[in-house]
Amino acid sequence: MFKERFVQLVMLILAGAVFTSAALLVGPLNSKRPLKAEFEQALAKHPKIILLQVAPGGLRAPLLTYLWIRSQQLKEDGKFFDAKQQRDLICDLMPHFPGVWAFHAWDMAWNISVATHTPDERWLWVSNGIRLLRDRGLKYNPNDLILYRELAWIFFSKMGKYTDEMHMVYKQRWAAKMHLLLGAPPMTESVEKVIDAFLPIVEAPGNLNDLLKQGVSAEFINRLGKSGIGLDETFLDYYNRFSNDPLVAPPTWMRNEPETDKERQIANLMQSEKYADDRRKVLAFVRRKLLIEKYRMDPEWMLKLMKRYGPLDWRNVNSHALYWSTLGLNRAMNLDLGEINALNNDRILLGSLKSLTRTGQLYYTPNPNDPDRPILDWGPDWRFIEPTNREYLRAERILVGPKGRLDDEKNNLRVGHITYLSNVVQLLYIGGRESLARKYYNVIRNVLKAKGEVYTLSLHDFVIEKRRQAGVPTVEMTWALFGSALRSAYRALAGGNHTEFARHHAFARRIYNTYLKNVGTKPRLKPRPFSELERNFVITLLLRPRSIGLSLPLLIKARLYNTLSPRMQREVYPYIVGPVKRECQKEGLDFNKAFPEPMK
Amino acid sequence: MRNLWAVARETFIQCVRTRIITIFIVLIAGWVFYVGLTVEGDGTLKGKIQTFLAYGTSLTQLFLSLATIFLATGIITRDIRNKHIFTVVTKPIARWQYVLGRWLGVILLDASLLFPTMGVIYLMAEYLRRQPTTYEIKAASAGRSGVVLADPDRLAVENEIFTARAVHQPDPFEINDALQQRWNKLVKERGLDNLIGDYLRKEMQKGSANPPDEMEIERRLRDAALRKKIITKIRKDLRRQIIEETELVRPGSSLRLTFSGLKWKKSMAGRLELRYRLHPFHSYRRTIASIWQVVNPKSGYSQIIPRTDSPNTASSFMIPPQAVTDDGKLTVYYINVPTGREKTIIQVKSNEINLYQQVGSFEGNIFRASLIILARLVFLTAVAVLFGVFLSFPITCLACLLVFSLGMMSGFLFDATRIVPAASPGGFDYFSHYLVRGIFIFIPTFSGTSAVDALVDGVNISWANLLKEYALIISRTDGNSNWLWNSLRFQVETGIGLRSMLALLIGWLIFRRRQVGLAT
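As they're listed, the protein sequences go chains A and B.
Just so you know, we're using my numbering here: the first sequence kicks off at 1 and counts up by one.
Just so you know, we're using my numbering here: the second sequence kicks off at 1 and counts up by one.
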């Protein structure tokens, strides 16, 4: 009896000791858990997540193992019908494990997408990857750098680069979404004007009451409501279709006239002068709302980026790579833009800025037959050269130290910087911006102290020699050079210099042919015909010359038009007739004489 | 027979009156409607329907299995625990009638729940089928109404889900001549004795650190029966080697695949689907470009299908019925397209190539899928009866759940305990290998013919498959399996129905010998 009691007592003491030790461990364990307050708050708002944490009890681990095995097995079997839901469930079961979100987003965007064969399916899986990270992963892990980095990488590499044979699909789909939301930036060379155009979105109120307090008439809101238009994407849909805003409306030759009475009423609402101010405020409100709620973007941070790096066109995927990579550093490490540099950003910052230099000018033409597939053309945007150069220099200064020399071997960015500026010098020189080209050529020679005989040559000879050495340029460089050459050619033509026109035009054609022969043989990189690209360029030149960095008064436009070949005139006339006729009416010019209809 | 029916009827009524069955009915109904109305899939209509069929059918199967386990075990163990059994066994009812009657009653209940549920799943799938695809929504908004023929999603729904397709594998490669040539060359170069000696040395070296005993090799070389066996094995290895070499397609080369025995009718409308998997030798390639050519040599029909696929992942394309010859043959060429510098040899394993051809209707298939699910329930009921006659309720439940779990995990367990010679298996590996295979002599592999997979992929469940599920299948083998009847060159597969009978028989034997009460 005594022995039994003794054993019971010892066991009781032992159990007590174990429980006490366990209780003592709770505090230190909790303090070491990486769960931050925001994360717990984020979870608390989602009972489904909480339920999934608790309900399976001890079966959570086997359930997770089963789901992981099954998801990978189905993927190998080429069965993707359940892939998204399974991955959602796995992530919901492990919401605080960022690697899981990152893996599944990557799996969908990079692996599953390439196993599908139609543009719709491809885009579906890439956007599923984006949505998993942006809409869910970051919601539960708002301070996790891995997730921001993975998201930025999808925009930068998967969508922004050219290795995927459907890269153009991603660029088109994203541009279409952002065009619907934000439209094109103003056609101007002034960075300030682009930023000013974005400011109303940043300053727009966060709710309807505040919007009404800003003086938006209740009558306008009511009329919108009666027409079945909510303050959401339907407003943007109709605004983009019927308003006279040149930055969002389709070109005149594509515009659909309202067909029903309801559509006519809506068109009236979208065009009426009476509601111009209300419309502007509601537009900014809706854009802000959708940016925050649907795309989970922060307009204030977007504005900061534009102020620091230049006139970002949000229809370009590189702008989003820049956004998410910098936002991640801000949210995860509390770094402000001044503290973010090329070295702590996995070089996405530099990569995006370099791409924007070569492709920052986006020429967007809607496609009425397939709205998801607009026609996209790119041109170089020289406004990104200085920010890119600045970021290079800043990072290099960190590498070599405050008193170090930039040509020190510690500066492992120097070679890339010299290559970038060499390309920039060629682009600027070929594009007719000689003084800027000289400025950056001097940076290569005097600041970076590039070594080699080629850097001792004159600017002209440097460009010639570099072009000779380059052989086949990269994809982006090809189109940047092509755009620059056409710009110089048509600027010369507008000034009546046919010899210069012929020289630059021949260069553009040579660039095109070299690319076509060496790179364009691959279906994913095959360019559209030269004549089509040239036609689009001339249309842009006549309708939106500022987007190419040129200022063309109407008379110069007329002169340019009349010096075009009859074939080119026949091709561009249908596109320019509407807007240019209005311009002529405004300036009192006889359209038919200035822009005569070409002979059939 | 009347007694048997009376017990079965009584069991059915008893089951219907229990609260647990109401809970399961609510669960199943709620689940099917919930999934049907909220399912998303991968965003396509095909994915939506497939996800619904997968979740709807598998969870119905799970809920019914659990209900069966709880009901069957509950009824029998309660009879014994509450001494109701005294009022039964004292009646003129034989013990086998009691056991069989209880089993039959639960199965009747299962069937009365299963078939209406599968009916609802069918109706729900039909409802989803009538939903517009993304393409149709776009076409409608652009003012183009009516059926859009070129919509790949709609075509996939009709050709890959609402159908019942037989799966064909390519005909074996014609390698007899090549095999003979290779064999002759080998014998000429090495000599037959050397070949057999090398083989013996290799076999004897396995798992041993010491060199093989040459005397022993000499002795075995003189054994005529052994020599014959070894020659057969060497030729078999050679055959495998030639097949593997044939399956390697160099850049710019092609591989010819033929399919025979396809059903052919002039009115044949449904398209065929070819599923394949490509294995590149250099895995740096993210996608593989290939060209497939489908040829009907008799009619002159030919179609070229360019593809870009992920490596090591199943992919598929559709083939029009015109490609099949009148005598039911199809010829397909795979061409390895060299793309730039990224040239690589591609392995096309013929056992991973499947051709799907419509042979039946979705309605018939869903009915047969229900019978497959019922087969599993039949077995679980028998197991519950077997354990219920001599164990208490919790232990019977646990035993049944264990059997159920093992059956569901059979595929994984077989794979996990596979002996891989290259991995130098140890004692534990052999133990687990034979343990698992031993267990599954009695427990059926529920992952065999999967009703869920068949419905999701639109694969026909043939009556032969059903027979396999319910009864005993004896088929000829090549004599190389590890089974007991290897030497007889027969493979015996016992279906679920037969195992159920075995479980019932054991249950009856135990119950017959069991003393349910003691008169004092």
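FYI, nobody ran anything at the bench for these hints, they're computed from the structure.
Hints may be right or wrong, so weigh each one.
Some residues of chain B that are not near chain A, with every Cβ distance over 12 Å (derived) [said to hold, decoys possible]:
id, residue
1, LYS138
2, ALA166
3, GLY300
Calculated cross-link-like contacts (lysine-lysine; reagent style DSS-like; alpha-carbon spacing at most 27 Å) [as the list claims (entries may be wrong)]:
id, chain 1, residue 1, chain 2, residue 2
4, B, LYS349, A, LYS79
5, B, LYS138, A, LYS522
6, B, LYS343, A, LYS517
7, A, LYS79, B, LYS138
8, B, LYS349, A, LYS262
9, B, LYS349, A, LYS161
10, A, LYS177, B, LYS343
11, A, LYS289, A, LYS48
Ideal Cβ placement from N, Cα and C applies to all residues, glycine included.
How the hints compare with the structure:
1. LYS138: violated, 8 Å
2. ALA166: holds, 19 Å
3. GLY300: Fine: 27 Å to the nearest Cβ keeps B:GLY300 off the interface.
4. B:LYS349 / A:LYS79: Holds. B:LYS349 to A:LYS79 sits at ~19 Å (cutoff 27 Å).
5. B:LYS138 / A:LYS522: violated, 31 Å
6. B:LYS343 / A:LYS517: Holds - the C-alpha atoms of A:LYS517 and B:LYS343 are around 20 Å apart, at most 27 Å.
7. A:LYS79 / B:LYS138: Within the cut-off at roughly 25 Å; holds.
8. B:LYS349 / A:LYS262: violated, 61 Å
9. B:LYS349 / A:LYS161: violated, 34 Å
10. A:LYS177 / B:LYS343: violated, 38 Å
11. A:LYS289 / A:LYS48: holds, 25 Å
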